[in-house]
Amino acid sequence: MNKAILAESCECEPALQISGLGVTYGNQIALKDVSLTIEAGSITAIIGPSGCGKSSFLACLNRMTDLTAHCATTGNVELDGVDILGDAFRKPAQAAALRRCVGMIFQKPNPFPLSIAENIELGLKEHGVTDKAERREKATAALQAVGLWEEVQHRLGETALTLSGGQQQRLCIARAIALEPKILLMDEPCSALDPIASQRVEQLIAELRGRYTVVLVTHNLAQARRVADQTALFWNHGNGGELVEVAATSLLFNQPREAITKAYVGGECC
Amino acid sequence: MNKAILAESCECEPALQISGLGVTYGNQIALKDVSLTIEAGSITAIIGPSGCGKSSFLACLNRMTDLTAHCATTGNVELDGVDILGDAFRKPAQAAALRRCVGMIFQKPNPFPLSIAENIELGLKEHGVTDKAERREKATAALQAVGLWEEVQHRLGETALTLSGGQQQRLCIARAIALEPKILLMDEPCSALDPIASQRVEQLIAELRGRYTVVLVTHNLAQARRVADQTALFWNHGNGGELVEVAATSLLFNQPREAITKAYVGGECC
Amino acid sequence: SQPDRQQLTITGSSTIAPVASELARIFEQMNPDVRIDVQTGGSSRGLADARNGLADIGMVSKAVKETDVVATLLARDGLAVIAHKSNPVAALSSTQIVQIYRGELEQWPGSNLPISVVHKADGRSTQEVFLKHFKLQPREIKASVIVGDNEQGIKTVAGTPGAIGYVSIGAAQYSSDNDVPIKLLPLGGVTATVENVQNGSYPLARELNWVTRDMPTGLAAEFIEFATTNTGSEIIRGLYFVPVN
Amino acid sequence: MNNSTSLASSALANTALRHSPKGHDRWLFLLVRLCALLAAALLLLIVAFVATESGQAIQALGARLFTDSGWFPGADASGQFNLTPMIVGSLLVALLAMAISLPIAVASVLFVHSCSQPWLVIAYRRAIELLAGIPSVVFGLWGLVVIVPLLGQLQAPGTSILAGALVLALMILPTIALLADSALRAVPNELRLGGLALGLSPWRVVLRIQLLQARSGVIAGAILGLGRALGETMVVLMVCGNVVQLPTSIMQPIRTLTANIALEMAYAGGLQRSALFVSGLLLIALVVALIWSAHRMGRGYA
Amino acid sequence: MNNSTSLASSALANTALRHSPKGHDRWLFLLVRLCALLAAALLLLIVAFVATESGQAIQALGARLFTDSGWFPGADASGQFNLTPMIVGSLLVALLAMAISLPIAVASVLFVHSCSQPWLVIAYRRAIELLAGIPSVVFGLWGLVVIVPLLGQLQAPGTSILAGALVLALMILPTIALLADSALRAVPNELRLGGLALGLSPWRVVLRIQLLQARSGVIAGAILGLGRALGETMVVLMVCGNVVQLPTSIMQPIRTLTANIALEMAYAGGLQRSALFVSGLLLIALVVALIWSAHRMGRGYA
Ligand SMILES: Nc1ncnc2c1ncn2[C@@H]1O[C@H](COP(=O)(O)OP(=O)(O)OP(=O)(O)O)[C@@H](O)[C@H]1O
Ligand SMILES: Nc1ncnc2c1ncn2[C@@H]1O[C@H](COP(=O)(O)OP(=O)(O)OP(=O)(O)O)[C@@H](O)[C@H]1O
Ligand SMILES: [Mg+2]
Ligand SMILES: [Mg+2]
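Chains as they are written, first to last, in the working numbering: chain L, 3 to 272; chain D, 3 to 272; chain H, 4 to 248; chain S, 5 to 306; chain V, 5 to 306.
Some hints could be false.
What follows is a list of derived Cβ distance ranges for each label pair [what the hints assert, rightly or not]: (1) 9(H) - 38(S): 49 to 55 Å; (2) 253(S) - 92(D): 49 to 55 Å; (3) 32(S) - 159(V): 39 to 45 Å; (4) 146(L) - 301(V): 53 to 59 Å; (5) 136(D) - 212(L): 41 to 47 Å.
To give an idea of the chain L side of the interface with chain D (calculated C-beta under 10 Å), a few residues [to be verified]: (6) 53; (7) 89; (8) 92; (9) 151; (10) 167; (11) 189; (12) 220; (13) 238; (14) 242.
Derived from the structure by calculation, the hints contain no laboratory data. This structure is a prediction, so every number in the text was calculated from the model and none was measured. Backbone N, C-alpha and C fix where the C-beta goes; we use that ideal spot for every residue, glycine too.
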């Protein structure tokens with residue numbers, strides 16, 4: 003798999019410095035005052051109950067917040083020393099370039115109404131991989147990486163909407179990694195996956211360590227434990243999500259500083 | 003909560019007798035020759051790897067298969083002694099009545115583009131709950147049952163599309179249970195839920211035991227273990243999903259008959 | 004392409020249009036390189052178009068008093084008052100017609116059938132000639148329907164049992180001969196026929212004119228000339244108008 | 005790590021620059037903008053054209069265009085130039101047509117999307133498209149020969165607001181229906197499935213869920229239909245009677261702004277011509293006002 | 005458990021029966037079907053009307069309608085009744101108009117959906133709707149006064165296929181644009197977000213993803229636009245020159261089927277009148293044929 007072209011095209015140093023980050027939707031606060039450092043090449047897990055602002059947090063990191071009505075952010079997120087929440091990145095071309103470097107996998111799989119192969123090749127094509135064979139090769143590699151290749155190799159031309167739930171989710175992961183972004187935001191990438199497929203994706207994430215920076219939202223605490231270098235717990239006390247605690251994963255799980263953390267990670271869970 | 007009206011209106015004896023069931027999409031086989039008995043009031047878990055036909059299996063039980071292009075079924079599913087895959091139920095009115103008795107929760111949450119309250123009240127209204135106050139009451143009860151009430155009580159009038167992923171999923175569960183169908187088909191209802199919300203839903207399912215018949219697709223083996231009376235494992239050897247083994251849950255997990263089952267339930271999983 | 008193809012545009016009175024079209028048809032057959040475009044819109048349009056050069060020839064179905072254009076007489080025509088064929092009324096006096104158009108008489112004499120007054124739009128010389136003959140003022144008219152072309156007037160009367168209207172005798176005669184349910188009412192005791200127009204006994208007669216901006220030359224002159232030939236006269240007579248010679 | 009906050013100096017900015025559209029894509033992008041601009045410019049040109057030609061009448065007559073004693077125009081200011089009856093006529097015919105057409109169109113679409121016989125759906129769709137292909141002259145003739153005599157039996161002469169509205173309703177039906185239909189088709193299937201899974205019958209699902217998502221299509225259809233109804237000339241000229249008056253019943257004839265233009269523009273000069281252009285301007289203003297209220301109503305519904 | 009397989013005897017069947025639409029809903033449902041039926045019936049009536057009136061000419065002339073030496077009609081069979089030049093004229097003008105309008109309309113919509121300034125988007129949308137509200141007489145006048153003299157400077161007399169196509173293109177632009185726009189709006193936001201998250205620029209997302217989902221809207225727009233272009237009368241009458249001939253260049257004048265009807269129906273009788281109705285029938289047939297090919301092309305694209 004020829005990684006040269008794409009990898010080169012995204013040159014930023016993939017480390018994130020988040021300080022005082024807040025997200026509001028109209029007058030509803032979704033997240034407030036989050037400060038966090040994400041090291042280049044590390045895997046960060048975000049955990050917390052439903053509605054505590056995990057997805058909103060991810061959305062800030064590649065400005066998907068711009069695309070939601072009434073959504074506003076405060077604070078700043080520095081990527082490679084540049085505040086990506088600044089106005090300069092509001093311009094569509096700049097935002098697109100940012101999102102090219104900071105890929106995202108959505109919580110709800112959203113395959114395009116195209117064929118399975120085109121779903122992956124579209125992004126490659128749009129980002130300048132003009133050679134058809136090369137695109138197909140990269141798409142194959144991505145499908146193999148998420149363990150979907152065997153299942154779909156005979157129906158690459160069928161529309162992706164006929165895939166099963168778990169297949170769609172893996173396709174969306176493949177679509178994002180095929181572009182080899184420097185930073186990968188994954189919103190519950192294993193939610194629709196059974197243990198086997200889940201394991202495959204976890205393995206993929208682990209492989210990315212060092213080369214890519216991964217921010218992973220997961221409700222599977224065991225998964226966070228297995229793959230993440232550091233883990234952050236968000237909590238919503240009723241008036242907007244907050245960062246409760248962030249620490250190296252083993253520390254957070256074994257010696258939680260906060261009472262809430264202790265209760266949450268020790269709670270009855272799989 | 004006044005259950006009389008709705009509960010009465012669905013009079014079937016909720017036991018399912020499935021024999022020789024197969025599903026094909028065009029010339030692709032998704033499922034073949036499944037025979038299975040589901041007792042009234044029991045909870046049945048369906049497990050198996052991605053793409054093995056779990057969702058397709060559920061879709062047969064309330065004829066959602068009719069709504070997919072090129073989808074055909076073979077075999078029969080007897081509900082209360084009547085073959086619901088027969089032609090009589092092809093008629094929209096009959097199919098609607100069937101689906102009224104056999105509720106379904108989709109793998110991918112699909113809230114209507116209505117307000118949160120309307121999402122639940124729509125079904126009630128359409129099924130003859132003409133009293134507005136009663137509808138609101140039932141909606142409230144359903145939201146409480148899935149643990150969403152606290153989070154959304156102040157924004158019932160907002161569009162449901164602004165909910166977080168997990169909130170949407172719980173809303174869809176609430177929408178289905180508000181109608182109190184006799185049989186509830188749940189396709190990975192906890193996939194987008196964190197441990198706390200997950201537990202709440204599990205608790206809800208357990209509460210339904212005896213009164214409702216539940217068929218639960220889950221990729222969380224521990225969950226199947228916790229809540230299901232019987233568990234069925236599906237597997238796709240590459241040419242269509244099959245039923246590998248079905249047994250009382252504790253039997254299946256502790257004394258699996260098949261080698262595949264043993265490997266799957268004993269595999270590395272949460 | 005056909006660089007030497009010539010085009011002639013003729014616009015104006017819808018009364019003259021059928022004559023012009025028929026003439027054009029024969030003329031085109033005789034001169035294969037000529038194409039003639041005939042459009043209606045009323046005499047005022049014909050006059051205006053000829054004046055400002057939008058048309059080569061204008062068609063005006065009344066006597067032309069304007070001195071800045073050149074008028075050439077084409078034919079004579081009469082205006083017929085028409086009613087639905089099923090209408091039992093055989094004749095109307097001038098006073099009755101005036102009363103009807105003023106809205107003073109609202110039912111057909113001898114029946115309780117309400118009268119639908121079909122009137123022509125402004126800018127149509129049929130209307131002008133009619134008003135002038137009966138000494139009516141435009142503002143006095145209480146019309147139920149206002150129509151543009153003759154054909155619209157005929158169709159409207161044909162579709163309404165209680166309607167009264169007025170159109171060119173030519174158009175009316177042609178339609179009633181072709182099974183359209185209308186009939187022509189006599190005026191002052193004289194039946195509305197081409198013969199009576201020709202012998203001058205019909206009171207509501209008028210001129211049909213070609214108008215051009217200057218003395219007609221070239222193709223326009225040829226065409227105007229063609230109308231006065233025997234073939235031309237034959238065509239004019241065939242459409243129930245009275246040729247000049 | 006580069007700590008400068010200047011965008012230009014950062015590697016990310018370089019990436020951004022290198023990823024702005026390039027090559028044939030840049031051209032395509034420019035072309036798109038150019039086309040959009042062109043369309044807007046042409047629109048402005050037309051409106052400017054109408055406005056310029058209207059100038060003379062607006063200056064010379066001002067409010068007289070609405071308060072004069074009637075419509076007896078002339079080339080100079082001695083005529084009477086009251087456009088009010090025509091405005092009322094245009095509005096009445098168009099709104100009545102819309103009131104007839106909108107429910108039928110929406111019903112047709114409900115039918116198409118809730119019918120379970122695919123062949124019937126396809127046949128019906130083709131029929132609606134066919135209706136869209138019937139030229140307005142044919143509609144006009146049909147109205148004059150069939151509808152007007154029919155209405156004339158109720159109350160002579162038949163040429164009336166109602167006749168115009170009926171024919172126009174049929175004419176704008178496919179516009180509304182096709183727009184609503186295409187918007188409904190773009191609604192994702194999962195919403196439909198969600199409704200059906202609750203045991204709703206297909207047509208209730210379309211009515212209560214899909215239509216909601218597709219309402220922008222219905223509104224757009226109504227706007228296009230209204231524009232067409234207000235702007236239609238041939239049909240109203242043939243079946244509305246063209247009498248300049250303020251009607252007191254829908255069985256009375258009226259003259260619309262468009263019919264007025266068509267009847268008189270061909271020979272009009274001076275102030276009369278300019279006043280006719282004012283009619284055109286008024287029509288455009290009416291459409292703008294109606295669009296505005298359609299959007300307001302649409303928001304209410306949303 | 006009741007083991008009978010007869011549907012009627014089961015409790016489930018009872019439920020089904022009790023849940024079939026009832027009360028006001030049943031009425032509404034019936035009304036919907038009735039409306040749909042009504043629309044279809046009216047359509048059939050019109051087509052039947054046109055077909056009946058055409059009968060005489062079709063019987064008397066048959067293939068002569070396409071093979072006669074020209075269009076020199078008369079009340080009896082001694083005339084010449086070749087409709088071919090008019091068919092060609094109608095097709096040429098309509099297709100050329102479509103070829104001009106479709107790209108601009110799609111470009112406008114791409115622009116609207118990829119523009120990041122909300123005020124500009126709203127303004128542009130309103131402008132397109134405004135364009136939809138300009139009556140055809142005004143378009144015709146504009147064409148006559150502005151476009152024709154302009155083209156006349158290139159090659160006299162200016163009244164030509166091109167003039168007609170240009171004005172018609174502008175006229176059908178809003179139809180296509182509004183249809184495509186409303187279909188695009190019904191596309192779920194998550195597809196758009198998915199594309200943007202891959203780092204595609206907004207306009208590429210619309211072009212490559214959203215438009216695909218909304219293609220039924222574009223096709224419907226094209227169909228409506230074509231129908232309108234083929235059926236439009238006033239404009240072509242004013243700017244196309246109305247000369248009956250097979251054109252050899254787009255700068256030549258032609259006569260369309262609709263113009264032919266409008267020009268001659270006013271006085272035609274007998275066979276000529278019937279032949280004009282054949283024109284109407286042919287127009288409808290043309291639209292059907294074009295719709296059919298639009299759908300075929302649409303399928304290819306899908
Ligand atoms: N577009 C929106 N408008 C208004 N409120 C929103 C919007 N999106 C999210 N919210 C609200 O903001 C809060 C945080 O949402 P977010 O999606 O970030 O939660 P989350 O942590 O990802 O939850 P989950 O685990 O359920 O996905 C929730 O209460 C949610 O309802
Ligand atoms: N509409 C369709 N057309 C064609 N193939 C389909 C369609 N829906 C599902 N399939 C295929 O049928 C097989 C079974 O799909 P199904 O959705 O039942 O799987 P599943 O067990 O639910 O998987 P998952 O756990 O990923 O949701 C898969 O290979 C899938 O790709
Ligand atoms: Mg989330
Ligand atoms: Mg599934």
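Hints violated by the structure (numbers, ascending): 1, 3, 4, 5, 7, 8, 9 and 14
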